[in-house]
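Peer 1: If you read the protein sequences in the order shown, they are chains A and B.
Note that the numbering used here has the first sequence beginning at 1, numbered continuously upward.
Note that the numbering used here has the second sequence beginning at 1, numbered continuously upward.
Note that these hints are calculated values from the structure, not bench results.
On a predicted model such as this, the values are computed, not experimentally measured, just so you know.
Do not take every clue at face value.
Unchecked claim - No farther apart than 30 Å at their CA atoms in a straight line, the calculated lysine-lysine pairs in the BS3-like style are these: (1) Lys470/B to Lys26/A; (2) Lys303/B to Lys31/A; (3) Lys9/B to Lys470/B; (4) Lys26/A to Lys505/B; (5) Lys69/B to Lys551/B; (6) Lys303/B to Lys489/B; (7) Lys69/B to Lys302/B; (8) Lys85/B to Lys551/B; (9) Lys479/B to Lys505/B; (10) Lys303/B to Lys26/A; (11) Lys489/B to Lys470/B; (12) Lys70/B to Lys505/B; (13) Lys9/B to Lys479/B; (14) Lys31/A to Lys69/B; (15) Lys85/B to Lys470/B; (16) Lys302/B to Lys31/A; (17) Lys70/B to Lys31/A; (18) Lys31/A to Lys9/B; (19) Lys26/A to Lys479/B; (20) Lys70/B to Lys489/B; (21) Lys302/B to Lys482/B; (22) Lys489/B to Lys85/B; (23) Lys551/B to Lys31/A; (24) Lys31/A to Lys470/B; (25) Lys302/B to Lys26/A; (26) Lys482/B to Lys26/A; (27) Lys31/A to Lys479/B; (28) Lys26/A to Lys9/B; (29) Lys482/B to Lys505/B; (30) Lys302/B to Lys85/B; (31) Lys479/B to Lys302/B; (32) Lys303/B to Lys479/B; (33) Lys9/B to Lys482/B; (34) Lys26/A to Lys69/B.
In case you want the letters, here they are:
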Amino acid sequence: MSPTGWIIMLTSVFGMTALFSWCIFKVLTHKDASDQIHSPADIDPHDQDD
Amino acid sequence: MASEKWGSKLGVILAVTGSAVGLGNFLRFPGVACANGGGAFMIPYIIAFLIVGLPIAWVEWAMGRYGGKKGFSSAPGIFRAITGKDRSAQIGTLALIIPVIIYMWYVSIEAWCLGYAWKYWSGGMQTIVTAAQQAAPTDGKIDAGIQAVQNYLLHFAGIVPENENTASGNFRILRQFTQGSLPFLLFCFTINFILIYRGINKGIEWFCRWAMPALLFCALLILVRVLTLGTPNPANPDASILNGLGFMWNPVGHNLIDGGLVQVSFWEALSRPQTWLAAAGQIFFSLSVGFGIIMTYASYTKKEDDIALSSVSAASGNGFFEVALGGMIVIPAAFIFLGPESIISAGEKASSLSLGFLALPGVFEYMPAGHFFGGLFFFLLFIAAITSSLSMLQPAIAFLEEGLDLSRQAAVTLLGFITAIGALFVSLMSHGLTVLDHMDFWTGNFCIYLLATIEVIFFSYVMGLDRGLKELASGAEMKLPKILPFVLKYITPLFLLIIFGWWLKDQVFSNGPYIQALQSDPTVQLTVGFIIITTLFFSLLVHIAVRRWNKIEATPQEESP
Chain A
1 MSPTGWIIML TSVFGMTALF SWCIFKVLTH KDASDQIHSP ADIDPHDQDD
Chain B
1 MASEKWGSKL GVILAVTGSA VGLGNFLRFP GVACANGGGA FMIPYIIAFL
51 IVGLPIAWVE WAMGRYGGKK GFSSAPGIFR AITGKDRSAQ IGTLALIIPV
101 IIYMWYVSIE AWCLGYAWKY WSGGMQTIVT AAQQAAPTDG KIDAGIQAVQ
151 NYLLHFAGIV PENENTASGN FRILRQFTQG SLPFLLFCFT INFILIYRGI
201 NKGIEWFCRW AMPALLFCAL LILVRVLTLG TPNPANPDAS ILNGLGFMWN
251 PVGHNLIDGG LVQVSFWEAL SRPQTWLAAA GQIFFSLSVG FGIIMTYASY
301 TKKEDDIALS SVSAASGNGF FEVALGGMIV IPAAFIFLGP ESIISAGEKA
351 SSLSLGFLAL PGVFEYMPAG HFFGGLFFFL LFIAAITSSL SMLQPAIAFL
401 EEGLDLSRQA AVTLLGFITA IGALFVSLMS HGLTVLDHMD FWTGNFCIYL
451 LATIEVIFFS YVMGLDRGLK ELASGAEMKL PKILPFVLKY ITPLFLLIIF
501 GWWLKDQVFS NGPYIQALQS DPTVQLTVGF IIITTLFFSL LVHIAVRRWN
551 KIEATPQEES P
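Could you put together the complete structure from these sequences and hints?
Peer 2: The structure is reproduced here in structure tokens:
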């Protein structure tokens, strides 16, 4: 593993971890996250009502 | 009360991450990264994440919710609603065929995950290992066990060459059914359609919240084991974890020429358009951007929903699983247990998606309770894949309902028939995974790239940035970057167009490997022919839907005095 390899690995891993941590913080401090933050897993297509 | 709220917010993070994480993170990313320059690949990857992935994810959420307000949930309807022109609906055809065709091969990999989980937990893998070890000399027992579990995939997935398979035709189908992945494929296919037929979204959400922490925990355990492997075979000191990490992260690419490994320099790897196309393609694939899936789901959201943060949360959770876990586990393990030549040839001969199935069993042989964790890991991957594959079906279902006025059940049945043909095609034409690999390239890279380029140009220049960004900002608590309008108007389209033009020049006009295969290999011609026929079929359906929408819109005017 070369020094450049270490730099790329650590920058990539810590960069992604930092961004994910920032998002967790934003969701946890959101005023109404459970109602307003969504993903396909929790969005209910309207057609399923029929 | 406070802890309850905290718990429900944590549940939101798990649900968002759970629906974003899939096979692309643990199985596709490591192979694509390694085949395109290892550490050098991370530079186009990060650039693509920031200036293409995130902005286009926002574009899809905003366009989707805007279309939903106009009463449309499918991409053809949304494009038509934005411009008011019928021909725009045909752009949406791409957003229908991409997830449908990807589903056809994705469900096969899903079946492999389930098959591996079953094999580990039922003791089948232990039987294979024991049989191989009994036949091996005393000092080669561990290696013999690892070799046996690696060879298992070749027969289970039907990758073995024709001459090793002893027969073709009906016997081959029988063999795939009795010893291969076909029963698992049928099970996965059925379970997907039962879930989507009944519309059990709440169950999936619940599953995500429980399976996600378990997958994270399991992946962390495997990561720790991989990082502490050291040099498992003292007779082969080069096969060490440090060299494995170096193979993944050093900014040096590798090519296999006449069976020997040839290094490709950092700048040479970066000067290949294929590297940039693959990086953008991987970002699109794993973020589910450029599929049309997000557009459909966003159409069901309300104006007070925070789609900006929803989008970034999914993207960042996905990036974390992909880079921090996927990138650290599979390739270092593959380097130790398969060797560098096999990593490159696996990517060239049999889709890079197969690498995880070849390499990880080696790690489980070195883990305490390895077969239990092996089963758990593949089962959790299967769960993660289910959440992704279900979402791939929704855009076409929404279109069949609103475009052709089919009931949900009728739409699911028609789609089930179409995807069954494709899934069987992938499963039965599995030699060398040629069909899977080329379907992945032409839809998972090429078509997604094309649609994403069209979407961002459409958003910035047809829908208009003011209208689009207003939609995105509605309900958003986070501040959108001030540079976003500039990025969406100039940087992203220019980046995508330059890479695409560069790739066309390098691959199409200079006969690159995918074009050469298209010219000479009948299986590849059949695969691309299948994609074209599916596209034409959906294009015809879009045409019929547009005529129907026009008729509906004209009816009240005729009735009014």
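Peer 1: Checking one constraint from the list: CA of Lys470/B to CA of Lys26/A, max 30 Å. Satisfied?
Peer 2: Between Lys470/B and Lys26/A the Cα gap is close to 21 Å, so the pair holds against 30 Å.
Peer 1: Are Lys482/B and Lys505/B close enough, with their CA atoms no more than 30 Å apart?
Peer 2: Status violated; Cα separation ~35 Å.
Peer 1: Lys85/B and Lys551/B were given as a pair; does the straight-line alpha-carbon distance stay at or below 30 Å?
Peer 2: holds (14 Å)
Peer 1: Would you mind confirming whether the straight-line C-alpha gap from Lys302/B to Lys31/A stays at or under 30 Å?
Peer 2: The hint holds at about 16 Å.
Peer 1: With the threshold set at 30 Å, check whether the alpha-carbon distance from Lys31/A to Lys69/B stays at or below it.
Peer 2: holds (24 Å)
Peer 1: Between Lys479/B and Lys302/B, is the straight-line Cα distance small enough, at 30 Å or below?
Peer 2: holds (19 Å)
Peer 1: CA of Lys302/B to CA of Lys85/B, is that 30 Å or under?
Peer 2: Given pair Lys302/B, Lys85/B holds - Cα atoms ~25 Å apart, limit 30 Å.
Peer 1: Just to be careful, I want the Cα atoms of Lys303/B and Lys479/B compared with a cutoff of 30 Å; is the pair within it?
Peer 2: OK: Lys303/B and Lys479/B at ~17 Å, within 30 Å.
Peer 1: Checking one constraint from the list: CA of Lys9/B to CA of Lys482/B, max 30 Å. Satisfied?
Peer 2: holds (28 Å)
Peer 1: Straight-line Cα separation of Lys302/B and Lys26/A no greater than 30 Å?
Peer 2: holds (20 Å)
Peer 1: For a C-alpha distance cap of 30 Å, please report whether Lys70/B and Lys31/A respect it.
Peer 2: holds (28 Å)
Peer 1: Can the restraint linking Lys85/B and Lys470/B be considered satisfied, given a maximum Cα separation of 30 Å?
Peer 2: holds (22 Å)
Going down the numbered hints, you'll see the structure goes against 4, 9, 12, 23 and 29, while the others check out.
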